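**Student:** Chains W and V: place on chain G using the hints.
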Amino acid sequence: MKSRYSIFSLARNALNYHKDWERAWRSPAPKAEYDAVIVGAGGHGLATAYYLAKNHKMTNIAILEKGWLGGGNTGRNTTIIRSNYLQDSSIAIYELARSLYEGLSQDLNYNVMFSPRGVLMLCQTEHELRAFKRTAHANRLAGLDCRMITAKEVKEIVPIINDDPNCRYPILGAYYQPRGGTGRHDAVAWGYARGADSLGVDVIQNCEVTNIMRDGGKVVGLETTRGVIKTKKVGVVTAGNVSPLMQTAGIRMPIESLCLQALVSEPIKPVIDCVVMANTVHGYISQSDKGELVIGGGTDPYNNYSQRGSFPSLEHTVTALVETFPIISRLRMLRLWGGIVDMTGDRSPIISKTDVEGLYVNCGWGTGGFKAIPGSGFVFADTMANDRPHPIAEPFGLNRFAEGRLIDESVAAAVAH
Amino acid sequence: MSNKPYRLLEGGSRIDRSKRVTISFDGRQLPAFAGDTVASAVMANGSKLFGRSFKYHRPRGVVGLGSEEMNALVGVGDGARHEPNLRATQVEVFDGLHAVSQNRWPSLTFDVGALNSRFSRFLPGGFYYKTFMWPQSFWKHVYEPLIRKAAGLGRAPEGRDPDTYEHIHVHCDVLVVGGGLAGLTAAKAACASGLKVMLADENPELGGIADLTAGSIDGACVGDHAKAVAGQLYAAENVHVLNRATVVGHWHHNYLMIFERVADHDPALLAAGTPRHRLWKVRAKQVILATGAIERPITFANNDRPGIMLATAASAMVERYGVSPGVNGIVFTNNDNAYLTALGLKKVGIGVRIVDSRARAEGSLIARAISEGIEVSMGSVVSAVEGSQGVTAARIAAYRRGQGRVITERKIDCDFIAMSGGFNPALHLWCHNAGKIKFDENLQSFRPDRHHDAMQAVGAANGTMDVAATLAEAHAAGVAAAKAANGKAKAVKYKVPEVKEPTRAPLESLWFAPATGKYNEGNKHFVDFQNDVTAADLELAQREGYESVEHTKRYTTFGMATDQGKTSNLNGLGVLAEATGKSIPEIGVTTFRPPYTPFSFGSIAGVLTKNLFLPIRRTPIHQWHLDSGATFEPIGQWRRAYTYTGAGETKHTSINREILSVRQKVGLLDASTLGKIEIKGPDAAEFLDRMYTNTFSTLKAGKCRYGLMMNELGFLTDDGVTVRLAEDHFLMHTTSGGADRIAAWLEEWLQTEWTQYRVFVTPVTEQWAQFAIAGPRARNVLAKLGADFDISHEAFPHMSFKEGKLGGYPVRVFRISFSGEQSYEVATPANMGRGLWNAILEAGQELGIEPYGTEALHVLRAEKGFIVIGDETDGTTTPIDVGLEGLISKKKADFIGKRSLEQSFLKAPNRKQLVGLLTEVPTDVLPDGAYAVRALKDKPPMEMTGQVTSSYHSPTLERSIAMALIENGRARMGETLTFPIDGNKVIRAKIVDPVFYDKEGARQNA
Amino acid sequence: MLLVHCPVCGAEGDETDFHGGGQAHVRRPATHDPVNVSDEAQRDYLFIRHNAKGLHFERWRCDRGCGKWFHAARDTVTMEFKAYYGITELPPRELMEQATGEWAGYFKDKLK
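Chains G, W and V, in that order, give the protein sequences.
Here my numbering is used: the first residue of the first sequence is 162, the next is one more, and so on.
Here my numbering is used: the first residue of the second sequence is -2, the next is one more, and so on.
Here my numbering is used: the first residue of the third sequence is 17, the next is one more, and so on.
So here's chain G without its partners, still in its complex pose (with noise of 0.2 angstroms):
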């Protein structure tokens, strides 16, 4: 068991200079054989390793990852937790998951600074005033706390925001989840990855996995750069790569590797304090605790594996900002970067068994996976430990694109993730 963070331990160690702080995790080198295997140590996979542990008691296990563990979206993403959605099955997954954020820095005892500072999507058309209004009624019967706020409130609660009645989008309302919010996303990585460590998953970094091995359909073990690990259990779980490690296992995917890219500006001091989601326009912004505006926007609409976009999505979020929050117009930008994300056919997740015994995916979060992760870490790992869907899992399982049962978020709600 590890030592706690806390003020007093803070406070004993600077005594000492520092010297006596343990690791965050280990570095073992990988064993010849686990229960189980996650394959991709981001958000998510650290997620599904802990809970395994945790709710599941399973501790012989391991998580592979190629490069540094939360270096995937976990760490390039605009940190936005909100779970107000139209789709049952949608709600489902990411209230649990925001719901997990709100205890999540106590139970991994590691600050992932889940900041509840409310998340407020404009309505700039009539029809998406129209579209928020059916999710507001949705939402409101699911129990979950959101509401309709007019004009007058968003200007309250943004006072940088542009309310000339007569721009080319006026403010005609917003669709507010107060509860929603931001956290720190490699806070989430870290603490999922100590948390893990100290149930005693080994979390194995610079490993890369080559080959999903099978025998007569069923998992038997992974080819990696660092050996042949040998496990019954293998949960896929590599965002932007998920196509290329499944196809070694026969298994070809609904998915398509995208380019998304966010981008901050140099730190002022505060002037939004919760996040701004602009769907008609394709742009949101909230602004972090060290004073950066954190912007992103749409994806690039072509197959991309450089975490390299292109600039001319990003111009048109930023020209909608500078319309949206006029005062940006002199800040300046500081740094841009991409992530891969996996895109499905109706852009909402999988989560599912697969039809090779013992192999287990969860891929799919396109442009929205930060705010699952405890969720989607918590059904999974429940998933892989039961060898059946958990009820929040059923509905993202594969089968669904022959069935044609397809989860559409963007076209049900006109809503970006």
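Don't read these hints as lab results, they were simulated from the structure.
Predicted, not measured: the structure shown is a model, and the values here were computed from it.
It is possible that some hints are incorrect.
To be verified - As a list, the in silico DSS-like pairs of lysine-lysine whose alpha-carbon atoms are at most 27 angstroms apart:
no., chain 1, residue 1, chain 2, residue 2
1, G, K294, W, K982
2, W, K146, G, K430
3, V, K69, W, K433
4, G, K313, W, K982
To be verified - Chain V regions said to be covered by chain G (calculated; three or more residues, Cβ under 8 angstroms):
no., segment
5, 26 to 37
6, 60 to 68
7, 91 to 103
Every residue, glycine too, gets a C-beta built ideally from N, C-alpha and C.
**Tutor:** Just chains W and V, lined up with the frame of chain G:
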């Protein structure tokens, strides 16, 4: 504050002593000269304190020379023109410039936030991950607000930016980035080919640091040589030189962006209407990077005190601005270059001594320094600095390479330190698009290796630090680029210049200059100045398992400040390498991301703000709508008249008036936005049979048919009436928002799947103005206008088409109805639209014609149970769901979406079906999107059974009506549903047929 | 910002002048046999994609130029275009030979 004269009596190549200007800094008026920067002007006035650091709020001064500056950040300008976080070393002064320091309260010299510094021992890297967790609610309400207030550097401007920005798109053969000696030489070589060359440089003057470089070229000093070449390039017709223009990023296929600060340095330019910034979007066939190198600070105890600068920056203060960094200083170095700084300082009478960490070194600059009487301490380091808001003394200690702590120190009084830890090639642009780099032992830094794009690096950017080698390599690169850009480039005559330059001893890495104590025992050896990241923080991160350099970076925030690690990155890697016993390449580098330096969001938006932000499409009748009191609603890019509210009316009453006018008399609707696509060719009918769910090959010429379109998933995407104009010629109407999408959709299938069809698809939406004349008196209006075709019901029944003249205007008339009334849609060429509109109004006046808007239209269609794509459908709705199964052909073997309707979920029982709803209380109007529940409970969650898709007050029926998608709805006619509405209100409504009015269709067939 | 070349009209322009149309050579089963399309075949047609990391084959449209659809071979890691070819054509033989993974399987028959 000091009364020492920091402005030297003479010298300063950049300033014009005949032009005096006054600026203010934190409200204090300061005299300066034209050509000064805010950094030089403030320092000339004896102040070294510019701002406070991010975390500990430590006092900070100027460190750098230009864009690499991380400490001296200032806010410039007032109100809506305020701009935060500018590097004082880059801000050129003008008379009346207002600058303020940042991140301090209440004042720069007395800052309450500096308390953090007192407690810094309790705030190691990543401390916030370990605390602030109790109680749970405190993060949001207590800890986070405090942290946010303390962080953040400058403040945002107030109000809308009054200035303008623009974009320029250009192609060029060769883009040279950086106008120092290397860039100038490369550009000149490329220029000689006659090709189109661009040279972009981030500074106000070309030359880079040629003026601070030792040696001579063909007998002239390096600076003069550079000046002469610059003159030739300015004069060359095929070279476009951009000053104050930073190449901020390199993207796929040699796409680069140049951020030009056009008018920041001169408000007169702004006043004259120039844009403030300009963003150049350049597609270059060849790119030559001559971005130079950035000097490394040295990591020693309290190396952040104001008065500690990079050696090159100290030289620049003297040479360029005639400003002395102090009266008595120390040059602390691990390489020969800083000796030039010492010599320059000595020359103008500033006291200086040299501390060199190398045990021994032999080079001509070192020999010269010694011969000029400068005291040189080899094998020594600065181990500590005294003073807080400035330097008062330094401690010097003997040092052997790799030594962890020093034993004995000497105290030396001084008021500034110029430091040089070597140079890092500026690799940013090389790496933006994944160029490969390699570690160079001589430089103790990374340099370019390979690149898959047409890009070369030359000079210091390539790790080439000698003048002669730079000239040779830059010239060769210019010639090679020109040749590659255009095989026919002219051969260039070139005489190898005669170069004299000092011999240099090799640099010896010094990643960490030790103090008497261990570095993790209280001393602050800053690696990242702005973010207050120390060597101890980096070491702690390693020890705690944040081993990947990306983890270290993110855990400690090193390299994440506004300079993005320009000066800190490699020093951090060096510290990590020493802490772990690994080599720097084994530690690895973090990813370089655009931009090279921050650039304004305003420049990214360019002119596309306010009225130009996304174009609006207007119909030919738009002005009339405006003049007639219309309010508008956006439909796609269009603006459509929503309702015409007259004097004494509300929107509600005007909408009701418009509806009743259509039902009782006649109304006129501008339907020009309706999508119109002509489809022509021998296979047009067969093609339409593929696209629509229903059949069009059986439609007779001159007749109209309503069609439904699905996507391949089996979901409705569009609907509209298509007319067969002739055997091989159709006119398709689409929804207003769908016109472009559907035209592209048809093209795609035609070109990629059914390539054998001989069909042309031509979108003609904007070619036609189109109006609906609807109501029991519609035909009378046509009669009054005068038609040259038979308008009788028998000759021109519902769902048929005529072409001819109406009131003298050439028209296509479709007898189709979305209101359920007798209705004619009249189309005329767009340029005649307004004339015909007026003629119709005039003809209809005595019949009581009134224009109606989109909201009246929507109520009219809802009364008739007609669906609107996007209201009754949401992208998961099939034709069967909305009760239009009859429009799905059973005979056609294949059409778009047919097969997907067979997927099990699309045939599942209990799918939501379109029904009508009548509320129990007729005055209750169900809210749009309200959900019915299976069973009412005291509180959520409640299971839902369907939702309202459209809901209106119907003035025709004098009660509310609604349409809804309800699970298995068509089998539940007569059942009463329960809708829990906000505020605990419950509305009950009965399921009915969705056609509320004139079920037989008698009115439209009248 | 990709630089795209239209093999039909010869225009060369930024990616914003073109429209990326997703994976090439996706077979629509109902066009060939409208009656016998299994749920799995329909799923594969609608959703399953090669998603190649490296050499990939795509459809593009010359949106602001001639309006024609065409095929392109592109590396999804370096983003380099390797070839452009007609919308009814197969890629150049050497690229079919270089193809890996799912694409290699697809082109195997075509190379005979």
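**Student:** Within a Cα-Cα threshold of 27 angstroms, do K146 of chain W and K430 of chain G meet the stated pairing?
**Tutor:** Between K146 of chain W and K430 of chain G the Cα gap is close to 6 angstroms, so the pair holds against 27 angstroms.
**Student:** Between the segment 91 to 103 of chain V and chain G, are there enough contacts, at least three residues with CB-CB distance under 8 angstroms, for the coverage claim to hold?
**Tutor:** Three-residue rule met by the segment 91 to 103 of chain V, so holds; n is 4.
**Student:** Under 8 angstroms between beta-carbons, do enough residues of the segment 60 to 68 of chain V, three at least, approach chain G for the coverage claim to hold?
**Tutor:** holds (count 8)
**Student:** Would the hint linking K294 of chain G and K982 of chain W be met if the CA-CA limit is 27 angstroms?
**Tutor:** OK: K294 of chain G and K982 of chain W at ~16 angstroms, within 27 angstroms.
**Student:** Per the coverage rule (Cβ-Cβ under 8 angstroms, at least three residues), is the segment 26 to 37 of chain V covered by chain G?
**Tutor:** holds (count 5)
**Student:** Keeping to a limit of 27 angstroms between CA atoms, is the pair of K313 of chain G and K982 of chain W held or broken?
**Tutor:** Since the Cα atoms of K313 of chain G and K982 of chain W sit roughly 24 angstroms apart, the hinted pair holds (cutoff 27 angstroms).
**Student:** Are K69 of chain V and K433 of chain W close enough, with their CA atoms no more than 27 angstroms apart?
**Tutor:** holds (20 angstroms)
Going down the numbered hints, you'll see the structure goes against none, and every one checks out.
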